[in-house]
Amino acid sequence: MADFKEIKKEKAYLVCAYVNMDNSEYRSKELELLSESAYYDIAKLNVFLVKEVNARTYMGIGKVEEIRDEVANLNAEVVIFDCPLTGSQLRNLTEIIGVRCIDRTMLILDIFAGRAKSKEGKLQVELAQLKYALPRLNCLKMDAEKVSGKGLGEKLKDLDKRKIQEDIAKLEREIKEVQKHRQTTRKQRLTRMKSVALVGYTNAGKSTLMNSIAKADTYADNRLFATLDVLTKKVWDDGVEYVLIDTVGFVSNLPHELMYAFSATLEETIDANVLLLVVDASDDHKYEQIEVVEREFNRLGVEKGQVILVYNKIDKVADINSLKTFDYSTCYIGAKTGKNIDKLKEMIKHKISLNY
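According to this note's numbering, the sequence shown is numbered sequentially starting from 71.
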């Protein structure tokens, strides 16, 4: 698949139709960031309440017709819905609005497909695409007739359900083999060297921090899912040696079809001696994000003593003393400017010496 930067930007109309408006500002902002990460040009963001989900079109037909008229006036080429849509809903919305319609899951799948680099990453993304596509095949084929060159529909237009089922079974076998090999190499590495994993929400600055600590040439961009694969770099710091691991970032309400697409990240987290929970200190929803990651830590059996809470982008915060510490060792840094990076490196070495 071509790099997103090589693809001509399409003008997108974003629809955030919510059955409740809790955190609607945050949720709609995340859809904007996801769309920008896929290199869409945003024509309009439309946020509104849906009192009752319509089985045919998710929202009322009057609202769909209103969107259709605005899409035509804005010359938008795609409508992106921040909700999971059934195959029939996608088909009906596409027919009424008259341009390509995708939901949040399809958007993230497109991003993942453009970012995966490792063999396992590519296989996991392809598997997620096929599992998502199977119950929506007719709509996705209609998508391919409307637009070529981008998206899942083009890839599936010549496939039938039996062929997709065969491909799913084949991919699952391949992934098992790749995982066996990765688990073996990881065990060999961990017997020789300590490891430190960067964990947190996407766009918190993990890749920039990795560059600061390891002087690594890691791709860092202000976009969600700028990197998808697990990246590792060796670090030698004043006689202490460890592997620094940059993992895929969390995103709220990640569709279940995509959970396995970065399962390797969670496995790397389990095995790390030290975890750096990287948080954008300026984000209005930072505490909710920390709580989500904490729940994942609890599920994985991570001890609090393994974790350093790293508040990044502190230059954007008026009073760092107002930031909650959540009973973790805490460091306040500016990954881009290098502020307090040396202090963080000393904390990492201390944690490693405790042999978690």
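Keep in mind the hints are simulated off the structure, nothing from the lab.
Do not rely on the hints blindly, as some may be mistaken.
Straight-line distance between alpha carbons at most 25 Å, and here's what the computed DMTMM-like set of lysine to aspartate or glutamate pairs gives [what the hints assert, rightly or not]:
1. Lys133 x Glu147
2. Lys374 x Glu416
3. Lys409 x Asp397
4. Lys81 x Glu140
5. Lys386 x Asp412
6. Lys386 x Glu106
7. Lys187 x Glu106
8. Lys189 x Glu165
9. Lys187 x Glu140
10. Lys81 x Glu122
11. Lys121 x Glu80
12. Lys303 x Asp397
13. Lys304 x Glu373
14. Lys356 x Glu102
15. Lys121 x Glu165
16. Lys303 x Glu358
17. Lys406 x Asp307
18. Lys114 x Asp397
19. Lys192 x Glu165
20. Lys413 x Asp397
21. Lys201 x Glu247
22. Lys201 x Glu236
23. Lys99 x Glu80
24. Lys99 x Asp353
25. Lys201 x Asp230
26. Lys133 x Glu95
27. Lys114 x Glu165
28. Lys133 x Glu102
29. Lys201 x Glu140
30. Lys121 x Glu95
31. Lys192 x Glu140
### Query
Would the pair Lys133 and Glu102 pass a check requiring their Cα atoms to be no farther apart than 25 Å?
21 Å, holds
### Query
For the pair supplied as a hint, Lys192 and Glu165, is the alpha-carbon distance within the 25 Å limit?
At roughly 32 Å apart (the allowed maximum being 25 Å), Glu165 and Lys192 break the hint.
### Task
Would you check the hint for Lys406 and Asp307, treating anything up to 25 Å between C-alpha atoms as holding?
With a Cα-Cα distance of about 20 Å, the restraint between Lys406 and Asp307 holds, given a limit of 25 Å.
### Query
Does the alpha-carbon distance linking Lys81 and Glu140 stay inside the 25 Å limit?
Answer holds: Lys81 to Glu140 is near 13 Å, not above 25 Å.
### Query
Keeping to a limit of 25 Å between CA atoms, is the pair of Lys201 and Glu247 held or broken?
Given that 25 Å is the threshold and the Cα spacing comes to 20 Å, the pair holds.
### Message
Given the hinted pair Lys121 and Glu165, is their Cα-Cα distance within 25 Å?
### Response
Holds: Lys121 and Glu165 sit about 23 Å apart, inside 25 Å.
### Message
Check the hint pairing Lys304 with Glu373 against an upper bound of 25 Å on the C-alpha distance.
### Response
Between Lys304 and Glu373 the Cα gap is close to 24 Å, so the pair holds against 25 Å.
### Message
Does Glu140 sit within 25 Å of Lys201, going by the straight-line distance between their CA atoms?
### Response
33 Å, violated
### Task
Please work out if Lys192 and Glu140 have their alpha carbons no farther apart than 25 Å.
37 Å, violated
### Query
Within a Cα-Cα threshold of 25 Å, do Lys187 and Glu106 meet the stated pairing?
20 Å, holds
### Query
Between Lys303 and Glu358, is the straight-line Cα distance small enough, at 25 Å or below?
At roughly 30 Å apart (the allowed maximum being 25 Å), Glu358 and Lys303 break the hint.
### Task
For the pair supplied as a hint, Lys133 and Glu95, confirm whether the alpha-carbon distance does not exceed 25 Å.
At roughly 20 Å apart (the allowed maximum being 25 Å), Glu95 and Lys133 satisfy the hint.
In the structure shown, a violation is registered for the earlier hints numbered 8, 9, 10, 11, 12, 16, 18, 19, 29, 31, in ascending order.
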